[in-house]
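K.L.:
Residue-level listing of the chains:
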Amino acid sequence: MGDLSIKDLVVEYSSGGYALRPINGLNLDVPAGSLVILLGPSGCGKTTLLSCLGGILRPKSGQITFDDLDITALDGSALAKYRRDKVGIVFQAFNLVSSLTALENVMIPMRAAGMSRADSRERAEELLTRVNLEDRLKHRPGDLSGGQQQRVAVARAIALDPPLILADEPTAHLDFIQVEEVLRLIRSLAQGDRVVVVATHDSRILPLADRVVELRPEVATTNRPPETVRLKAGEVLFEQSTMGDLIYVVSEGELDIVRELANGGEELVKIAGPGDYFGEMGVLFHIPRSATVRSRTDATVVGYTAQAFRERLGVSGLGELIEHRELASN
Amino acid sequence: MLLAALRDMQWRMRRLVIAVVSTAIIFAMTLVLTGLANGFRVEAQRTVDSMGLDAFVVKAGAAGPFLGATPFAPADLARVAGEPGVVAAAPLATAATTIRDGASRRNATAFGAPEHGPGMPSTSEGRAPSTPEEVAVSSVLGRHVGEDVQVGARTLRIVGIVPNSTALAKMPNIFLTTEGLQQLSYNGQPIITSIGIVGTPKQLPDGYQTIDKAAGVNDLLRPVKVAVGSITIVAVLLWIVAVLIVGSVVYLSALERLRDFAVFKAIGVPARSILAGLALQAVIVALLAAVLGVILAQLLAPLFPMIVVVPAYAYISLPLIAIAIGLLASLAGLRRAVAVDPALAFGGP
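These protein sequence lines map, in sequence, to chains A and B. Going by my numbering, the first residue of the first sequence is number 1, and it counts up by one from there. Going by my numbering, the first residue of the second sequence is number 1, and it counts up by one from there.
By construction, these hints were calculated from the structure, which means they are not laboratory data. Treat the hints with care, as some may be off.
To be verified - Okay, derived cross-link-like pairs now, DMTMM-like style, lysine to aspartate or glutamate, Cα gap no bigger than 25 Å in a straight line:
| # | chain 1 | residue 1 | chain 2 | residue 2 |
| --- | --- | --- | --- | --- |
| 1 | A | Lys86 | A | Asp135 |
| 2 | A | Lys86 | B | Asp341 |
| 3 | A | Lys232 | A | Glu214 |
| 4 | A | Lys138 | B | Asp341 |
| 5 | A | Lys7 | A | Asp29 |
| 6 | A | Lys81 | A | Asp161 |
| 7 | A | Lys232 | A | Glu260 |
| 8 | A | Lys60 | A | Glu239 |
| 9 | A | Lys81 | B | Asp341 |
| 10 | A | Lys60 | B | Asp49 |
| 11 | A | Lys270 | A | Glu252 |
| 12 | B | Lys59 | B | Asp49 |
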């Protein structure tokens, strides 16, 4: 009971007409009573994954199971019920309703769940006392510090005692004193069968976790000799949205560099011929490939690590590489 | 979520007050205009009622007993009076005339009827005219019994005052004997415009028709029909302005609260609760405006130099229409709230 399981999760959305897959085939099993940190830089899909776990975003494929419930199969009111009863969310920007007092903000999920005004008020007072805000019940968010607002947000998230707590960059807008308070609070939530999932790019809070999941694992960066790859016509060298550590130079043949579109189609970006190189931006900046490369004819390419490629190109700084300087002929 | 909606209104109190006051002024103007349009009918109705008649007999084909009348000789008066069902019959005449008021003249409607009726209204002061040289005038003229007044080309002695008797946008009525009116407007010719009757005639001589009191009122209203229509159009436009004001306030409120709605959705609040909160805001704005509008209308009405009688149905329908307006106006805001993506709640401020 209370275990969280993610299988082959793929999330795709459209950005400027192109298909983006911030999460591409993620597998994860989290036992009940754990605190998991999703670590990764901006844009790596942390918030996207939280949205999927919270039943807010529907993945393209794959399955998320929590407490023996297949979230990806839920719809409409069942999904709203899941969000209300099973999930508590602590948002990055606190997201308290500015016209409501701290007490009323905490009361919202309980009132939405049909709890009486008196009961929800009593429970909200208990929760705010638990997060040391018993003297701030009647204050509006604008009159509270960032840390206090975040504690109100935590109290709201646990109002209905959900078995799954999701926290999106909970320390992003806090100073170190406030961070300390919030970290203690979040750690204390992972009790019993409850699962707490925290998304962050701040590696300083890793000691908090029972488990750390790196959403964009660093690919090996050790220098190694160039690899020659021979491709048949139509064979794919690498796919859009995947990570890689090699920059390729075409020796023979032609390759299509195409972008996958959100509507399922493709857009030809360029045809790479002998002497052309590609794939340098993803390797240099540790970001996913922005296009798929498929051989147009039988072709041969040589893959270089970033360091080897720099030597091959004969440049000293990154600037010339980023500007895609012509490759000197051998 | 109703609590959140009410708190939001407190939070944006200044904007709420502006919206309520603006809408209330519109509602008040709408009420006054409705009262104005109704005033024409009320004064015509009062005039007809004051005559104490049940119906009018006119020439077949005539549009009415007063302004749409076809004048005729009272040759068949005795026959009409003798028809079964007729209790009393009187020769009546109506004509537009003028009254000298200092150096200027003002329009008036003159009615001629026998001294002891039917057709002669009761007076609040003095008595009904008994000779062609006597007249009873409306109290709105501000004249007194015993004074002489120049009506048309004749000078008449005021013998009675009829309270608040007007027609055609507060134009005063004056009452003479039938002979007096014939001398004033028909050069003394024995011509009448209708036979006023008490009772219900079972049949009439050939060439005559009966016109009931409602049709008589409409006959008096005919000259102002275009004005009433215009006023009604302005009133409808004002309703539209009221819808736009309430609608913009609710829409702007919805736009500013999209992130709140996203958070509500993300934490499992059903969309219908969010919508109910928004609709409640619109209805409260409209209802508060309706209450204030009624009060303002009471203050504005006396400023108009015409009769403003706001009908009871307007007071009853105003809050109902206000609720409908509130809901209608909040539609755009509701659509935005329904469409909001809960994922908006994620991400930075």
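K.L.:
If a hint holds in the structure, say so; if it doesn't, say that too.
P.N.:
Each hint tested on the structure:
This hinted pair does not check out: Lys86(A) and Asp135(A) have alpha carbons roughly 29 Å apart, beyond 25 Å. Simply put, Lys86(A) and Asp341(B) have alpha-carbon atoms about 20 Å apart, close enough for the 25 Å limit, and the pair holds. Proximity of Lys232(A) to Glu214(A) is assessed by CA-CA distance (about 34 Å); at most 25 Å being required, the pair is judged violated. In summary, the hint linking Lys138(A) to Asp341(B) is not supported, as the alpha carbons are separated by about 30 Å, beyond the 25 Å threshold.
Between Lys7(A) and Asp29(A) the alpha-carbon distance is near 8 Å, which keeps this suggested pair within the 25 Å criterion. The straight-line distance between the Cα atoms of Lys81(A) and Asp161(A) is roughly 14 Å, inside the 25 Å bound, and the hint therefore holds. Under the criterion of a C-alpha separation no larger than 25 Å, the hint pairing Lys232(A) with Glu260(A) is consistent with the structure, at around 21 Å. About 17 Å separates the Cα atoms of Lys60(A) and Glu239(A), which keeps this hinted pair within 25 Å; it holds.
Between Lys81(A) and Asp341(B) the alpha-carbon distance is near 17 Å, which keeps this suggested pair within the 25 Å criterion. For the given pair, Lys60(A) sits about 79 Å from Asp49(B) by alpha-carbon distance, which is inconsistent with the 25 Å threshold. Restraint check for Lys270(A) and Glu252(A): the C-alpha separation of about 16 Å stays at or below 25 Å, so the hint holds. Between the alpha carbons of Lys59(B) and Asp49(B) the distance comes to roughly 22 Å, so the proposed pair stays at or under 25 Å and holds.
The structure is inconsistent with the numbered hints 1, 3, 4, 10, although it conforms to all the rest.
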